[in-house]
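Visitor: Protein sequence lines correspond, in order, to chains Z and H.
Note that the first sequence covers residues 1 to 146 in this note's numbering.
Note that the second sequence covers residues 1 to 514 in this note's numbering.
Source of the hints: derived by calculation from the structure; they are not laboratory data.
Keep in mind that the hints are not guaranteed to be accurate.
As the list claims (entries may be wrong) - In the SDA-like style, the derived pairs of lysine to any residue whose C-alpha atoms are separated by at most 25 Å in a straight line are:
| no. | chain 1 | residue 1 | chain 2 | residue 2 |
| --- | --- | --- | --- | --- |
| 1 | Z | Lys96 | H | Pro362 |
| 2 | Z | Lys99 | H | Ser332 |
| 3 | Z | Lys99 | H | Ser361 |
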Amino acid sequence: MKGIDTGNMLKVLIVDDEPYVLRVLKMKLENAGYEVITAVNGVDGLEKFVGERPAVVISDVRMPLMDGQEMYQMMQERKDENNPFLFIMMTSTIDKALKIWAEQMENLFFTEKPVSPRNVLNLVNEYFSTLRNSNSIACPDALIPK
Amino acid sequence: MLLVEQKRTFHIDFQQFEKLLHHISILANVSVRIMSLKGKNFLSADGNPDKVSCNKQTTGPERCRAESFNLFRYIEKSGKAALKTCHENLVMAGIPLKCNQETVAVLCGCMKSEESNSGRETVEFLEEIANRISSEIQSQFEADNITQELSDKYEELNLIYDLGRNLGRIISTEEAVQFIAERTHESLNSDMSIISIPEMDINVANCGRTGALPLNINDRQMMRKIGEIVLEKFISDTQPSHIIVNDDCDDMQLSYLFDVPVAMLAVPVRLKGSVNGFMGIINFNPKKAYQTGDMSLLTSLAAQMSMSITNAELYRNLRNLLLGVIKTLVFSIEAKDSYTKGHSERVSHLTMMIAGNMGLSPAEKDALQWAAILHDIGKIGVPEGILTKPGKLTDAEFMHIKEHPEKGYRILTPIVQLNNSLDGIRYHHERFDGSGYPSGLKGKDIPLYARVIAVADTFDAMTSNRAYRSKLTHKDTIAEIIRVRGKQLDPEVVDVFIKILEEGPVLKSDGSDV
C-alpha cells in the first residue's frame with residue numbers, strides 16, 4: 001500500500017479501558033489490513049479522533065473520565081463535514097434509554113459484550129465496502145483489505 | 001491424532017530493531033544486518049562504511065552477496081552460529097535468530113579480519129544480541145498466540161451468550177436447529193455445519209455465504225451418505241464421544257467420501273438419553289485442523305440443541321393439549337345447540353381477519369383467537385329448551401341467556417393458559433354505549449378483545465339463521481352494522497371491519513360467501 005496516500009480511509013480507532021479487548025480487536029483488524037489506533041478512555045479517544053481522523057470508531061460505553069455516549073456526541077460536534085464515520089458501540093447490556101438514544105443517531109451500531117471480534121471485523125469491512133461503492137468517496141480497490 | 005498445532009501467520013516486525021543495529025554497528029565497528037529466511041536483506045547497519053562495508057571491496061559486491069547467502073543457507077540448515085572468511089581481510093559471523101526453536105532469520109556481522117583477534121569478543125557480543133532479539137521475537141510470538149487464543153474465546157463466549165439469549169425466545173424445533181447450524185458454522189471456523197437427526201426428519205446443512213465448495217450441500221444423496229456413515233459410528237458399540245478427522249489417516253472411510261482433503265469434527269446428539277443424531281463441522285482448507293477446544297465447544301452446542309429440541313417438543317405437546325381441550329369444549333356446546341353449529345369457528349375466523357388489521361402481537365392474536373372460539377362456551381350452562389326455543393323469549397328466559405358470558409368466564413378460569421382470553425369472553429356482550437351486559441361497561445372500558453369479538457359475533461348472528469328469525473342479506477347486514485356503529489359496537493373496530501368487507505367477499509368457514 002506504500003506510495004498511495006490512504007489518508008484515513010483504513011484508519012480505525014478503538015477505545016476501551018479493558019486492555020484485553022483492545023489487544024484482541026487490534027490484532028483482528030490489523031491482520032485484515034487496517035491501521036489501528038487505540039485509546040484507553042473517552043478523553044483519550046476524543047483527542048485521538050481529532051488528531052487522526054479515523055473512518056471507524058469502536059468504543060466501550062462505560063469508561064473512566066468520559067463515557068462512550070458523551071464521547072460520541074463530542075465526536076459528532078468535531079467531525080469534518082465531508083467525513084462521516086462509523087461508530088460501533090460495545091456494551092454488556094443495552095438498556096432501553098440507550099437504545100432509544102442510539103436509534104436517533106446516525107452511523108451508530110451496537111454490539112453486545114463479550115464482543116465477537118469476527119462480527120466487529122465484518123461490520124467494519126461492510127462499512128468500508130459501502131464507502132467504496134458510494135460516489136462521494138473514491139477509494140481504489142487496492143486499498144480494501146482482503 | 002488429536003492435537004494439531006494450528007498454523008497461524010505471525011509477522012515479525014524486524015524494523016523495530018533498526019536503532020539497535022545501528023548502535024551496535026557503531027559500537028562494535030561491524031556491519032550488521034538481519035536476513036530473513038528467504039535471503040532477502042531486511043535490515044542493515046554499517047558502523048563505518050569506509051572500513052568494513054563488503055560492497056566496497058575490489059572483488060565486487062556480487063561475490064560478497066553470494067558468500068553471505070551461502071553462510072545464511074548453512075545457518076538455516078544447521079541452526080548454529082558460524083564464522084566465514086569472506087575476503088582475505090573480512091570475516092563474516094552469522095548467528096541464527098530463533099522463534100519456537102525454528103530459525104526465522106540470521107543476524108550477520110561483517111568485520112575486518114585483522115580485528116578478528118579481538119573478534120572473538122565481537123562474535124560473543126553479537127551472539128548475546130542475537131539471543132536478546134530472539135527472546136523478544138519469542139515473547140511477541142507468544143503474546144500474539146495468546147491474543148489469538150483470547151480472540152477465539154471471545155468468539156465462543158459471544159456464541160454461548162447469543163444462544164442463551166435467542167434459544168429462550170425460539171419455540172419451534174426447525175427454527176432452533178437452523179439457528180444453531182448457522183451460528184455454529186459462523187463461529188467455529190468451518191466451511192459447513194451439518195445437523196442430522198433422522199428420526200425427527202432433521203437434516204440441516206449450512207454453509208452461510210461461503211462461495212463455491214467442493215461439496216454441494218444440495219446434493220441430498222451425498223449428504224445422506226455422510227450422515228449415515230457418521231451416525232453409524234456414533235451408535236456403534238464403541239460409542240465415541242466425538243470424531244475428529246484432520247488427515248486422511250484419521251478415518252479412511254470418511255476421507256474416502258470426499259474428493260478433496262477435509263477436516264471434520266462431529267459429536268453425537270442425544271435426545272431422551274440415547275444417541276439419535278449428530279452435529280458436525282467440515283473444513284475444506286487442509287491448513288486448518290480441529291482441536292480439542294473446538295470439540296468441547298461443539299459438544300456443549302449439541303447439548304444446548306438437544307435441550308431446545310426437547311423444550312420445543314414439550315411446548316408443542318402442551319399447546320396441542322390445550323387445542324384439544326378447546327375443541328372438545330366447542331364441540332360440546334355445539335352438540336347442545338345445533339343453530340350455533342359452526343358459529344364459534346366463524347366468529348373466530350372473522351375476529352382474526354379484523355385482528356390482522358389492528359397491529360396486534362402474535363401473543364395477543366393467540367389470546368384473542370382463544371377468546372373468540374370460546375366466547376359462547378357459557379351457553380353450556382343455559383337450559384337447552386331456552387337455547388333452541390323458536391319465537392320470543394320471556395324475561396326470565398332471557399335472564400338465563402344473559403348469564404352465559406359470566407358462566408363462560410367462570411368455566412375457563414381454571415385454565416391458566418387462557419387467562420388473557422377471559423375478558424374477551426366475559427364482556428363480549430357489552431355495548432359501546434354502556435347498555436350491554438353483564439357489567440354495563442362503556443366505550444374503551446370494555447376490553448379490546450371483547451369489542452372485536454362483539455363485531456364479529458354480531459355480523460355472524462345477522463348472517464345466520466336463528467331459532468327466532470331468518471338471516472339478513474349481505475347489504476342489509478352492512479347497513480345494520482353501520483347503524484349500530486358507536487352505539488352497540490366500537491366505531492373504530494367497525495371501520496376496520498367495513499374496510500375488510502369492502503375489499504372483497506368474506507369467505508365463511510362453511511365455504512359460502514357473505
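Visitor: Hint by hint, say whether it matches the structure.
Guide: For each hint, the structure was consulted:
no.	hint	verdict
1	Lys96/Z with Pro362/H	22 Å, holds
2	Lys99/Z with Ser332/H	50 Å, violated
3	Lys99/Z with Ser361/H	21 Å, holds
In the structure shown, a violation is registered for the earlier hint numbered 2 alone.
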